[in-house]
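A.B. asks: Model the full structure from these sequences, guided by the hints.
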Amino acid sequence: MKVITRTIWILSLVSLFTDIASEMLYPVIPVYLKSLNYSVLLIGILEGFAEVVSGLSKGYFGNLSDRLGRRVLFVRLGYGLSAISKPMMAMFTHPAWIFTSRSADRLGKGVRTAARDAMLSDEATPKNKGKVFGFHRSFDTLGAVAGPAAALAYLFFFPGDYVTLFYIAFVPGIISILFTFLIKEKAAPLTAAPARPGFRDFTAFWKNSPDQYKQLVRGLLFFALINSSDMFLILRVKGAGLSDNEAIGVYIFYNLVYAGFSYPLGRLGDRIGLKKVFIAGLVVFAVIYLSMAVTSNFYVFLALFFIYGIYTAATDGISKAWISNTIARKDTGTAIGTYTGFQSICAFIASSAAGLVWVTLGHKVLFFVTGMMAIGVVIYFFLIKNDPILTSGNKNM
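All residue numbers for the sequence shown refer to the numbering used here, where the first residue is 1 and numbers rise by one.
Because the hints were derived from the structure by calculation, they are not lab data.
Mixed in with the good hints there might be a few duds.
[To be verified] Pairwise CB distance ranges (calculated):
hint, residue 1, residue 2, range
1, T360, A204, 36 to 42 Å
2, K2, N297, 43 to 49 Å
3, R6, G241, 44 to 50 Å
4, I84, L225, 29 to 35 Å
5, F92, F158, 36 to 42 Å
6, V365, L36, 46 to 52 Å
All values reported here derive from a predicted model rather than from experimental measurement.
C-beta: ideal position from N, C-alpha, C; glycine also.
C.D. replies: Following this line, the structure appears as structure tokens:
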């Protein structure tokens with residue numbers, strides 16, 4: 001059986017070019033905003049608010065995708081909105097406009113994510129979802145290497161010209177939209193008569209969802225409450241004396257590791273269990289944050305960002321594969337959307353709180369407390385006795 005299908009390839013290429021556009025700007029945004037005299041607290045609130053917009057829309061549009069039995073429409077609209085948002089941040093610098101522009105980008109992510117992940121899940125079986133999601137994450141993250149590398153090259157020749165980068169990022173965004181027109185819609189079962197979903201739908205879904213899904217999502221959400229934006233890691237290395245280019249270079253290095261390990265760790269998850277790989281990733285996360293609290297050495301930062309790439313590869317795609325194996329196929333979009341909706345609210349709290357702690361108590365307290373709380377999350381997942389990839393699968397596929 002062919003594991004990596006045509007649809008998976010196209011979705012992976014779409015994500016590749018979108019991430020080139022997004023990640024070209026991601027490590028630049030905190031530096032750009034700092035140049036506009038934005039405080040660390042305001043940057044944290046901005047990122048948290050953008051994630052809430054993304055998360056709530058993921059839940060809504062994931063549910064709507066299930067109800068309509070359609071995926072491609074939401075994928076195309078979502079990637080399109082993210083593409084046009086790129087030049088918006090360069091047009092004006094007023095905080096309200098920056099918030100609107102950043103939120104538009106995250107709204108696009110919210111519109112497409114659950115539908116796209118449901119398509120990936122539909123292309124896989126319970127026994128190879130780690131491989132499929134890992135393959136997609138590898139391409140997605142290659143964009144996170146190419147994007148910052150392009151930004152680094154541009155800033156080498158035009159130091160401080162951040163505004164032009166926002167316009168350049170529009171180009172790969174358009175390419176990603178063109179790729180979406182190669183995706184063929186497959187018939188999906190309707191969960192109900194087409195109608196606009198409401199918040200009660202998510203409450204009802206949660207009440208009626210399998211215990212394995214609830215148990216898993218509770219742990220993931222607790223982790224989301226302590227896992228603030230990666231921008232704080234970039235600000236940390238910047239604060240240690242690294243130049244803009246060095247900070248972006250470290251971020252590129254992290255994404256290169258992430259891309260390289262996503263597929264192998266996905267395959268490993270299929271073989272030994274998604275839970276084991278995920279827990280190992282959380283242990284790595286705790287080590288990184290505890291170390292960030294005490295080091296200021298460039299080479300130590302490189303080592304930490306290397307294993308941070310391994311952490312992300314062991315948790316990001318793995319968690320979505322794990323979730324999809326606890327739920328019926330017809331509810332995949334709603335299940336992932338519900339989780340990511342709550343996750344983004346937690347991310348808003350985490351990033352806002354992280355900004356506040358940084359400003360009032362310092363970065364060392366932030367990273368130390370985060371690392372210690374991550375150990376608590378590891379213990380929680382150790383106590384989960386069942387591993388859906390091994391014991392349940394997706395019986396309704």
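A.B. asks: None of the hints should be skipped; say for each whether it holds.
C.D. replies: Verification of the supplied hints:
A beta carbon spacing of about 41 Å between T360 and A204 agrees with the range 36 to 42 Å that was offered as a hint. Evaluation of the 43 to 49 Å hint for K2 and N297 yields a pass: the beta carbon distance comes to about 47 Å. Range check, R6 to G241: Cβ separation about 48 Å, and the 44 to 50 Å hint holds. Between I84 and L225 the beta carbon distance is about 32 Å. The supplied range of 29 to 35 Å therefore holds.
About 21 Å separates the C-beta atoms of F92 and F158, a value inconsistent with the hinted range of 36 to 42 Å. Roughly 27 Å separates the CB atoms of V365 and L36, a value that falls outside the hinted 46 to 52 Å.
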